[in-house]
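So the chains spell out like this:
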Amino acid sequence: MNKFQFLVLSCFFVVFNGSISNASDLEFGVIPKEDLALTDYAPDPGAPAFVLENYGTYYLEYNSGFEIVEKRHVRIKILKPTGYHHGDVEIHYPDKLEKFKASTYNLVNGEIVETELDKDEIFDELNDVYYNVRRFSFPKVKKGSVLEYTYISRHENISKMPTWYFQEMIPVRESRLKVEFPEQFTYRIVVEGTERVLRDQVMTQAHFLGKYSTFRIHTMVAKEVPAFELESYMDSYKNYFTKTDIQLERVEFQGYSTNQFLTNYEKINEKLIEDSDFGGMLKSSHKTRKIVEDITMGINDPNNKMVAIHGYVRDNLHWNEKKRVFGSKKFNALLFDKIGNAADINLLMVQLFRDAGLDAHPVVLSTFENGRLNKFYANPRQLNYTIAMVKIGDEQHLLDGTNKLSPWNRLPKRCLNGEGWIVKEGTGKWIPLKNNEEGKTKLLAHLKLAEDGKIDGKITVLYYGLSADDERKILDYYGFDKYSKRMQDIYGEWVINEHNFENVDSLDKQLVEKWNMSLTGETIITGDYMYINPVVIMKDKINYFYQEDRKYPVNFGYPRTEYFFMNLQIPSSLEIEELPESAIIKLPDNKGEYTFRVSGKGNIIQVLSQLEINEPFFKVDEYKNLHDMYNHIIEKQSEMIVLKKKTDKVETDTKISTIN
Amino acid sequence: MKTKAFFNITCLLFSFACTLHAQYRSHPVEDIPEELLKDADGVIRIKEVKFEIRNQKSAKIKTKVVATILNEKANHLASKKIKYDDDSRVRDISGFLYNEDGKPVKRLKQKDIKDKPVYRYGGMYTDDRYKQFKFSHYDYPYTVEFEYTVVYHDRIFFPGMVFQEDPNISVEHAAYEIEIPREMNFRYKQENLQGKVDSFLLKNKKIFTWREDRLHAYNEELYSPPFYKTCPQLVTTANKIHFDKYKGSITTWEGYGKWVSKLNSGREDLPEETKHLVNHLVKDCSTNLEKAKKIYQHVQDNTRYVNISMGIGGLQPAKTSKVHETGYGDCKALSLYTKELMNMAGVDAHYSLVKSGPGNYNFMKDMPSFQFNHVILNLPLENDTVWLECTSQTIPFGFLGSHTDNRPALIITDEGGRLEKTTKYESRDNIRKMEAFVDVLGGGNAEAEIDFHFKGLRYDEVDFDLLMESSGKHQKEWLYEYIDIPSFKINEIAFSEKRDLVPEASIHVDLDMNTFAAKSKNRLFFSPNLVLKWTHVPPVDSNRVSPVYISRGIRDSIQITYRLPLGYKIEYLPKNKEFETEFGTYKAEYRKINNYKFEYTRSIKYNKGLYGKDKYDTLREFRMNILQADKEKVVLIDESLASVP
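Protein chains in written order, with the working numbering: chain X, 2 to 661; chain D, 2 to 646.
Pulled out of the complex, with its shape left as it was, chain D reads as follows (with noise of 0.2 Å):
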């Protein structure tokens, strides 16, 4: 008896020292395990988010994360914050920050819980907030412990988690739980993780859970391939949505198209006398492709992009005739407008979701979701297909950007969705090139004309609108960019172009430019390639560790005649260069016409792609032999000098 007694005294003071313990210290920074410092800014200790689902229209989000920030550049650990609608709410929000030690510093308090609009500028309308909160503190490393949860009330949107959200970041422990009632199912889709999902039933809920531990910190490495494609992440999506009256099931395409359609109908509602409207601008057009195009043009000399994003989750375009009236609206209202006003003349169209942005990453093809950000139209005419982007007043009928070309849309009919490419831009037509006739004086100076030509995706490059409206410091400023010449006058400007599917433009410009050759006494010195010179070249990386990745491959040509002063003979032209490795080639030629005229000529085709981490080095090495060849130069000699024997 009394040996039991007093192992339960021993037992209660040992237990009650360690809640002492507990509370007196949290997440000391020594816990640390060392391997999770290295390359490190900060450590997310704990992540851990939960997502309870209480049927198809109501769900909470907690979570919990602790973090020690080991220096400045990861402060932004300390800080939240939590957008939420008139749908949601965020609730019981509790801070703490501790010292290095473990030791409790400070504690939110509901004075620093600042709620404020999500930021706004002109045009853009939403009702969207947040909730922020933050430490600010500067006692490196420190530590912050946040806990949140937001409740849905009316639609969800499954969340997924990016286990580890930054290279510079190593994470302890990361896990996401989802609980769902046994009768409702949803897809998951899990990317770069080390673990595998764990389920179980409980009551008349199915739990699922992942965990991932002790992810690295590493620095990111040049000409690697992007984050988002290697991070640690889970994606989940509904089943079925059910958002105010709108029901649907998500688990196809055609599916999730039927919901889209469902949000669209009765949003078409042009009055009567629209159609006269329309009638009367398709009345000389004999095709479709010609209807298309005067509708095109009609709605972008009337209409402009303003962000409204509101009602339904900004997922349901606004009326047609809305659009009609106030001649604004975003992707969604200008894409069903103008896919109305198309009917209307008999122009099949089809309003199309898109994910835009730079490059077509991530786009799950085999999991039905939300994936789009963007609203496109699909033309399906009688030769080709033909796609409009509808929010900008100058793009050229039927050409898309590097923002929304090559990549899967979802097409939307009555009958549901199905997934089409878009416009792919072959690299033959994405070209940039350049023409130019110099005549080199014999100060050094010269007077040049360029062409500049952009056609396909490098179209985008330029701003034309910019360039053409504005006053010659625009200009000038644009031209610097280009040519390598640090001083020069503009003499001439002009612009032209083919506003075709693959469209096209060309600047040509006249110019005086002061210092083009360097001098000594009796030589004069200059580069030929005056223009689009390649100056990077990736340094010399003996501990390469990811694999050598080229985002976008570029086709470049240049080709120059110049014609040398009267004096002057060419003493020495560089040889011709050639270089051809898995990620390109290159060629420069120089050709001696007569005494007083040579030609340049360089080309440069850049592949896109992944390489093996062991292709670093062949990459720095055309690199470095393309910037060297680029930056070869041309000598002249006085001629009296040069006839010496």
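Next comes chain X alone, as it looks inside the complex (with noise of 0.2 Å):
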């Protein structure tokens, strides 16, 4: 994506080069004794490895142009066999690499042993569309081994500064960035992620084209950083990982001047209606026009117009699973191919839309596996995607065409994060990414237990929202018969028969899915008494938050719904001795809610859970409620039912009862 980069200044001027500041405080080779001596990391005991320093600085040279250029050194420590792999390194790089250096160093009889890595043992790989990289195996790695490399890589592409990470996927005892440049550049420097980075400021005189100029040095460190991890129902991990974004803000010197870097929205939006792969693609032609005029063909109403132009993009071009901001082709070759990006097909309905006389626009997003927008700090390469807004009266509607199984309402899960830029003339704004209908699952049991324990009976399962069309794609891609096989295979203990679907391709209904099935020895019998569950059948009694602890946030996407009502028939021999307590969990701010209801009158029980997520999004302090909400739901779900057998002295009133 090298769409948001630009600018190359080609003038010939007498340049500071070379970096003001020391490059790191860490000379190649010297290797303090401790840190050899050291046989784990205090902070994480179980580390197999971490990284001891990574600093780094990145300044500003002219050579035949501009260039960033990145200095780095690195020191790991090897703490356990199953740490050795961290002695294979990879670096990538996009233009040049220099003064690379690796050796690793052991102790040996209490002395400083260091092997030196073999030239003969790098492995480059040169390509030309993306990066270049270097792969290397660190010589003698074993237990205690400190890993060492250096090395200076070039970047022509100065509007962005290469990202740092301050994290890793093994703790760091100190990370170290150093960035310095010129009074005449300004880079905007933002640290993301939720690790602490000090940073400082100085400023210095020094040198630069061809007289003193002011520069900043900004130095961020940031010590004993956890190991990053990925956690379950978590959302990018983006999100959280601690980095740098750094980018070029302002260019100013001898008269020429240029603020017309990304980094807002209002920018963002200027460059994308300019741009030939967007807004640029947006022209009527007489093919659109046709098209528009084919398929609404008698339709006035303007809703009406909107959901068959949907309905044409979603069933007549296909989605080749790339997530893009920008077109890759015209729309008449996107027409004769019918296959396209995400921005391909949803700019192509903009155009249509607006063929048909809607208010239309694209707007641009982020996926929610790419991380949320920072509107703040804009920065272009966080966007991602591109779906279609329609303005029809004070009702905006978001759409997206990729999806074969989705109704014209509902944008899929991976649109749904935070809010997408509405690009239009002038104008662009902010608008919330979100369904009108949440992801719900019903389950309707009519069920009947005999004597025996046996129970059998009628299931119905309903799906709305995200989670019919989750279950319609299931469906969709096993077939009917694969599907219903593998259902048994995961329900073997189930006896399944009249399986079947309704509303399969009625996409703005909810799926309907019902069964008949039985089951044995979900009971206990014991001299007088029968024993049941309530919640006999659930489809999940997983659960997935079963860590007492945790690192980052909770996001489930969307609200959702689990329903799950039961209606049992108990044998007349039998009667009600003991039903579990209904209860309520509220989850503070009404964020969710669990209800939890067994009634019981005559030979029916009738048992309702239900769990509500209203507000998908958790904050790490409020997950210690999710945590008790679902023990709690887990612990109500296992209490018993139970029945009793009817005594003669029952029998006996019911006699005199019908005698009277």
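In case anyone wonders, no lab produced these hints; they're calculated from the structure.
From the three backbone atoms N, C-alpha and C, an ideal C-beta is built for every residue, glycine too.
Among the hints, erroneous ones may be present.
[As the list claims (entries may be wrong)] What follows is a set of in silico ranges between Cβ atoms, one per label pair, in the way DEER data are often shown:
{"id": "1", "chain 1": "D", "residue 1": "G610", "chain 2": "X", "residue 2": "E115", "range": "52 to 60 Å"}
{"id": "2", "chain 1": "X", "residue 1": "T215", "chain 2": "D", "residue 2": "S137", "range": "49 to 57 Å"}
{"id": "3", "chain 1": "X", "residue 1": "S237", "chain 2": "D", "residue 2": "R108", "range": "37 to 45 Å"}
{"id": "4", "chain 1": "D", "residue 1": "N596", "chain 2": "X", "residue 2": "T40", "range": "51 to 59 Å"}
{"id": "5", "chain 1": "X", "residue 1": "T195", "chain 2": "D", "residue 2": "D466", "range": "50 to 58 Å"}
{"id": "6", "chain 1": "D", "residue 1": "L203", "chain 2": "X", "residue 2": "D125", "range": "46 to 54 Å"}
{"id": "7", "chain 1": "X", "residue 1": "P433", "chain 2": "D", "residue 2": "L38", "range": "45 to 53 Å"}
{"id": "8", "chain 1": "D", "residue 1": "E148", "chain 2": "X", "residue 2": "V222", "range": "57 to 65 Å"}
{"id": "9", "chain 1": "X", "residue 1": "T596", "chain 2": "D", "residue 2": "E600", "range": "38 to 46 Å"}
{"id": "10", "chain 1": "D", "residue 1": "F228", "chain 2": "X", "residue 2": "E115", "range": "47 to 55 Å"}
{"id": "11", "chain 1": "D", "residue 1": "K117", "chain 2": "X", "residue 2": "M170", "range": "24 to 32 Å"}
{"id": "12", "chain 1": "D", "residue 1": "S137", "chain 2": "X", "residue 2": "N301", "range": "36 to 44 Å"}
{"id": "13", "chain 1": "X", "residue 1": "T195", "chain 2": "D", "residue 2": "K117", "range": "32 to 40 Å"}
[As the list claims (entries may be wrong)] So these bits of chain D aren't anywhere near chain X, every CB distance computed over 12 Å:
{"id": "14", "residue": "Y149"}
{"id": "15", "residue": "D199"}
{"id": "16", "residue": "I208"}
{"id": "17", "residue": "M625"}
Each chain sits in its own coordinate frame; assemble them with the hints.
Structural data, given as structure tokens:
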């Protein structure tokens, strides 16, 4: 994605070359003995390896053009055999790599022994399109080794400085980055992530462009950074990884001045409208008008026009699974190939809406797995997807044409990520990315319990919103026969028959799944009693939140409800002795609620179990509530119903009452 | 005359029309026989592979594939990745895309052919590359046609052919042809093929052809033999090989071994001073076994596995001096290095080739050929033969996991090669055992002390390194997989190991379990089998086609003593259960010790094997019985209530 980079300053100046501050305070080859003697890393005793120091400096240099120079110096400590693979290193570099050195240090009989990396053991892979890769494996890696490498790499694209990662998959004892630039170049430095980074800035005078200039030296230091870990129900790791985003904001010298860098959304808006692969694509043609004419023939209502156009795009164009902001081909080519990326498809949809006289605009966003957009420190590289917005009256509708199995008014989960930016001439703005309908699964069971403990009856499952889309996708992928087989495989103890679906093709309706089943072995029969669990049929009993601690927030992606209702008819020879107590568990701020209700009357027992997550995002300090609620749910769902054989007395009573 | 001319013209016209027609429509979907569409995601219309051997060093493989993609699950048929290396080139790539009617829609262009390095990751080095090309099309059904040639100029591996590569892809026509100079010979073996070889002479060449037609698609059934055991395939091999300067005849395992030993000769070049190191290492050892252990430990402490696939098709090990210098190598280099160190200490050791992978699949003993993918070391010690895996820093001395155990290995000596079976771990040695003491508390919580034991091949099951090193998070993750309690807290966890030839490991866990027992007002319910529950039951299947296949035998045993909370007594203890079928035995017993204590024991013996399809229902019943017995619950009742008559 080189779309957003530009500006090559092709002027000749006498420029200060080289870094002002010390690139690093580390001297290659001089390893403190105490680091070699370490046998574990105190803040994380389990760590198989950790980074002792990761030091870097970024500065500008002028050769045949401006370049960003990246100096890096890394030391890694190996503690255990499972950490040996940290001795296999890959360096990605865009243009040039210089002054590369690497050595392993071991303590042998109390003496430090250095083993240099043999030049023959360096493997370079040169690529034209992306970046080059240097690969190597440190020699003599064993428990206790210290590995050290250093290099300088040059980046011809100066609009962005390389991302600096303070955090890694192993702990980092100290990570330090220095960024220097003269007053003529202003870089905006943003530190993202959850770990603490100390920042400091000093000014100094140095020679630049033939005269003295003020340089800024930013220093960022993070110490004892814990290893990054992935957790269940997490959104993009990019939201939490501690790293930099450093972008060029302004250039100003000798009468030349520009601040056209994309550091806020108004500027991104302008740039997108001008871009030939975005705004430039939105042109009406004979072909687009003809399509619109054909599909909206006889339709006057703007809402219906919108739905018809969306349906046309969804059903006729194929998404190649590529998430993109920019189109890759002209509309004519797209209409011929019938396949394109998300932007191709949705930009065409915007044009068709416009040709139908609707007020439509593209909306750019960052997908769920790509991380949240930083609204205040715009970074165009964060954007990775384009959808369409149509305004009818006061209503703004968001539409995505990439999903074959979704109705017009549903965005896929990947798009539900905070807010998107409406790209509109002069007046772009933010819009929340949400669906009107939540994801919901409703399981209704009408079951009959026999005296021998066998259960049989009818199950109906209703899927709404994104739950319906998900299930339709699975059904479409496997086809009904295999879907049904798969279900029988999962629930092998059930004997399932008359399995069928309704509304498979009516995308705007809920999907309905029905089957009859019988099941044995779910009851305990002892003498006069029979015991049965009230949620005898639940698709999912796993506790995703069994861990007590949480490092990063939980994100369900979208609001959802899981509803279970059972009507259980018990044999006439039994009566209800005990039912579990009903309960309602509420999360603070109405973020979620669990309802459990059991009631019995005569020979009918009704059980309701419903989990609602109204607000999908839970901060780390809210995790405990979620954890507790899930434990509570499991506890409630495990409680038992006690049934008892009707006593003779009751029998007599009945007889008497019949006589009366 | 006139009639003839007329006839000629009609003929001409007719053939012209045919050509036009043929050009216009290729492989329309309607031409696919109905029977090939059933259960199919795609159909291989034509697959023709022609292997043209020029001489012992050079050859060409020409491939033509026409495939119809019926739905998205077969889209992979529209994309190709052809690997090549420093010795081979991919040439003459062409491709066409046809729509349902067989009309050409697109033609593969030069710019659509990508040239990429083989995927690499940290610690993997190779020069291999591939040509990648594909059609992205989603208008089902559609048909693709690809042709390409791979040219080998210095080494030839004899490729075979799998005539049907996927059970859900049917095959209309597949053929394989070998063209070989008269003076050269080769061997082949065909498995599950309907047809036979057809051979004839053509000038100074011999031609051999195989063809298979109309191979139906089918849905793979659960508990059925793996596809690679039942698919139609042809395996071929050269008799003589000539890679670089290394010549050999591989018609016998002995000859194969000789050739490998040639490849390895001169690769053991450790400097003289290593001998001092070795002598120093083993100075206190009196037996070869002790020496071997010392050296193995030294190798584990000082080397690591790095995958370097370069030179002579990746078959020749790096020099041992290189391993000594860098401290790393692949399985070949590390094994040879260990061998040389062993030899220096006077311990006999042999470089041995083995086919690594789960299960001992399709090793063809009667067909000496390239069938191996891994190297280990064979040590013929006085009392026992020991095999060493040289790529792991942590595996116990002499232990082979389930990827290299109980299968033929080719032991390389100077005299040649000979097959010998690697260690077999008897099922009585492959044990997973769990013993526990559980104190059930009045509120339904419980305190438990659990001991897990893993022995033999089951030792493989737990990643001890990860568990021992990691924070409580991973330990909890691990335990969550094993025990059937959704919420618990680990108070203490301890590990111990017996690093013998048949290794053992134990994990002791002390934990608090919340919601251990389910409650009602006056009762507590809990499932006494709190670990290793068997939950899968094969679904009802009245049209079973394949035989029943169990890939792995299992022995599990559980013994748990329960102490009941004060104020409660046992209302219901499930009955003892015992099931016996050809698939194995299951036994669960409840033994009341006193009013406050009972003992639960449960053992499973599950036999691997191939059984008739009519046994499927027996299997289902057996697994259903196990599932139901495993989830049985004990009921405790408030003593004050229980005493009421």
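Verification of the supplied hints:
1. The beta-carbon spacing between G610 (chain D) and E115 (chain X), approximately 57 Å, falls within the hinted interval of 52 to 60 Å.
2. One distance hint, 49 to 57 Å for the beta-carbon pair T215 (chain X) and S137 (chain D), holds here, with the actual separation near 53 Å.
3. Against the hinted window of 37 to 45 Å, the Cβ-Cβ separation of S237 (chain X) and R108 (chain D) comes to about 40 Å, which satisfies the hint.
4. About 53 Å separates the C-beta atoms of N596 (chain D) and T40 (chain X), a value consistent with the hinted range of 51 to 59 Å.
5. Range check, T195 (chain X) to D466 (chain D): Cβ separation about 28 Å, and the 50 to 58 Å hint is violated.
6. For L203 (chain D) and D125 (chain X), the Cβ-Cβ distance of about 48 Å falls inside the hinted range of 46 to 54 Å, so the restraint holds.
7. At roughly 47 Å, the beta carbons of P433 (chain X) and L38 (chain D) sit within the given window of 45 to 53 Å.
8. Against the hinted window of 57 to 65 Å, the Cβ-Cβ separation of E148 (chain D) and V222 (chain X) comes to about 60 Å, which satisfies the hint.
9. A hinted range of 38 to 46 Å for the beta carbons of T596 (chain X) and E600 (chain D) is consistent with their spacing of about 40 Å.
10. Distance hint check: the CB atoms of F228 (chain D) and E115 (chain X) are about 52 Å apart, consistent with the given range 47 to 55 Å.
11. In this structure the supplied range 24 to 32 Å holds for K117 (chain D) paired with M170 (chain X), their Cβ-Cβ distance being about 26 Å.
12. A beta carbon spacing of about 38 Å between S137 (chain D) and N301 (chain X) agrees with the range 36 to 44 Å that was offered as a hint.
13. Distance hint for T195 (chain X) and K117 (chain D): a CB-CB separation of about 36 Å, consistent with the stated range 32 to 40 Å.
14. For Y149 (chain D), the shortest C-beta to C-beta distance to chain X comes to about 23 Å, beyond the 12 Å cut-off, and the non-interface label holds.
15. Against chain X, the non-interface label of D199 (chain D) holds: every CB pair exceeds 12 Å, the least being about 38 Å.
16. With a least CB separation of 42 Å from chain X, I208 (chain D) remains clear of the 12 Å interface cut-off, as annotated.
17. Listed as a non-interface residue, M625 (chain D) fails to keep its Cβ farther than 12 Å from every Cβ of chain X; the least gap is roughly 6 Å.
Checked against the numbered hints listed earlier, the structure breaks hints 5 and 17; every other hint is satisfied.
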